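Once you've looked at the hints, dock chain R against the given chain H.
Listed here are the chains, written in short residue letters.
2 protein chains.
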Amino acid sequence: MASPEIEALTQALARLPGLGPRSARRAVLHLIKKREVTLAPLLRALEQVNDRLATCGTCGNVDTTDPCAICADPRRDARLLCVVEEVADLWALERSRLFPGRFHVLGGRLSALEGVRPEDLAIDRLVSRIAAGGVDEVVLAMNATLEGQTTAHYIADRLENYPIRLTQLAHGLPVGGELDYLDEGTLAQALRARRPVG
Amino acid sequence: MASPEIEALTQALARLPGLGPRSARRAVLHLIKKREVTLAPLLRALEQVNDRLATCGTCGNVDTTDPCAICADPRRDARLLCVVEEVADLWALERSRLFPGRFHVLGGRLSALEGVRPEDLAIDRLVSRIAAGGVDEVVLAMNATLEGQTTAHYIADRLENYPIRLTQLAHGLPVGGELDYLDEGTLAQALRARRPVG
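Line by line, the protein sequences are chains H and R.
So the first sequence is residues 0 to 197, counted in numbering that gives the first Met the number 0.
So the second sequence is residues 0 to 197, counted in numbering that gives the first Met the number 0.
Here chain H stands alone, though its shape is the one from the complex (with noise of 0.2 Å):
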């Protein structure tokens, strides 16, 4: 039997998406190897990560600051607002660097399958920063998934009477793929090809 450490860390790693507990005994065993390289960098890239991020109390970005650089950058264009689900979807758009906008994280999509109601998600805090003025346009950017899209619909009813135009991503968009998944190209296409919503 491996030690107790090696046994917490495998653990630990198999509770990661993508790991299973084969695959985390491998991670360890290879972190275990080659110490310097491997476990060492990971360790300090951990200790950083847990020392110095929050989440930006604005828009739902992780960063190392509050607000997040995004929100603190003046030459982003505030007029500007792209509501997605996750901030992964945030960080893909943030890759194509085509978006010169400010981000909404809603921390998910409603979903009745998995009891995901408006109030569990950023919504109101979207709405309060619509209602504070400032803001031309949203782009709706929620996944082209049936929970995605039945938020974007929701969220465009809740905006409905403020003075903004409301955008989403132009599909094109295989029909149920996640923002996350996509190249680059693919997510720029449809950045640039965004449409009215309604």
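Hints may be right or wrong, so weigh each one.
Using 25 Å as the maximum straight-line C-alpha spacing, the simulated SDA-like pairs for lysine to any residue come out as follows [stated by the list, open to error]:
| id | chain 1 | residue 1 | chain 2 | residue 2 |
| --- | --- | --- | --- | --- |
| 1 | H | 33 | R | 3 |
| 2 | H | 32 | R | 146 |
| 3 | R | 32 | H | 112 |
| 4 | H | 32 | H | 42 |
| 5 | R | 33 | R | 6 |
| 6 | H | 33 | R | 147 |
| 7 | R | 33 | R | 53 |
| 8 | R | 33 | R | 14 |
| 9 | H | 33 | H | 49 |
| 10 | H | 32 | R | 19 |
| 11 | H | 32 | R | 42 |
| 12 | H | 33 | R | 32 |
| 13 | H | 33 | H | 23 |
| 14 | R | 32 | H | 163 |
| 15 | R | 33 | R | 17 |
| 16 | R | 32 | H | 42 |
| 17 | R | 33 | H | 124 |
| 18 | R | 32 | R | 42 |
| 19 | R | 32 | H | 21 |
| 20 | R | 32 | H | 51 |
No lab work stands behind these hints, which were simulated from the structure alone.
Just so it is clear, the structure is predicted and the values come from calculations on it, not from any experiment.
Leaving out everything else, chain R in the frame of chain H:
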């Protein structure tokens, strides 16, 4: 773009076997989304492993003590020595809880392709252990691969003049294995090593 801290963590995770850049990013998001239940335990586990783990100077196992718990355990049969390629193999055998002896980890296998020579493995140290006496049987538990079997043959040659019994793991059908799905090599071995029923 995600913060440098997050990029560094993504890269460190992407170096683990079984995780690529994309799955590493998913893992990072998972870690920062539920920090208390995922990141914190992983960080603690890594610290413990980093602080406490050492390689056993006797057998090559990785443990918190040197000699390791197996080498130091008086209930383990010192006359029975099992030679394995990697620490992972030692752990696999330990999980079976069926081997009462001690181990010797080679740290790899002979490979012309990868340029691994006898002096790159802990073979001289194995011969010294046998020469020191006290071992009656050496179980060669190499992988059933060409390189594993080449390594086993090489070790058998090196040990042939010592008064020990040399054995190897039986080859044959894995438990639960279906004939139809097995490769011919395994089937041939299983057929050659067939035993009387009952």
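Each hint, compared with the structure:
no., hint, result
1, 33(H) x 3(R), "holds, 24 Å"
2, 32(H) x 146(R), "holds, 20 Å"
3, 32(R) x 112(H), "holds, 21 Å"
4, 32(H) x 42(H), "holds, 15 Å"
5, 33(R) x 6(R), "holds, 18 Å"
6, 33(H) x 147(R), "holds, 22 Å"
7, 33(R) x 53(R), "violated, 31 Å"
8, 33(R) x 14(R), "holds, 22 Å"
9, 33(H) x 49(H), "holds, 23 Å"
10, 32(H) x 19(R), "holds, 19 Å"
11, 32(H) x 42(R), "holds, 18 Å"
12, 33(H) x 32(R), "violated, 29 Å"
13, 33(H) x 23(H), "holds, 16 Å"
14, 32(R) x 163(H), "violated, 31 Å"
15, 33(R) x 17(R), "holds, 22 Å"
16, 32(R) x 42(H), "holds, 18 Å"
17, 33(R) x 124(H), "holds, 21 Å"
18, 32(R) x 42(R), "holds, 15 Å"
19, 32(R) x 21(H), "holds, 24 Å"
20, 32(R) x 51(H), "holds, 14 Å"
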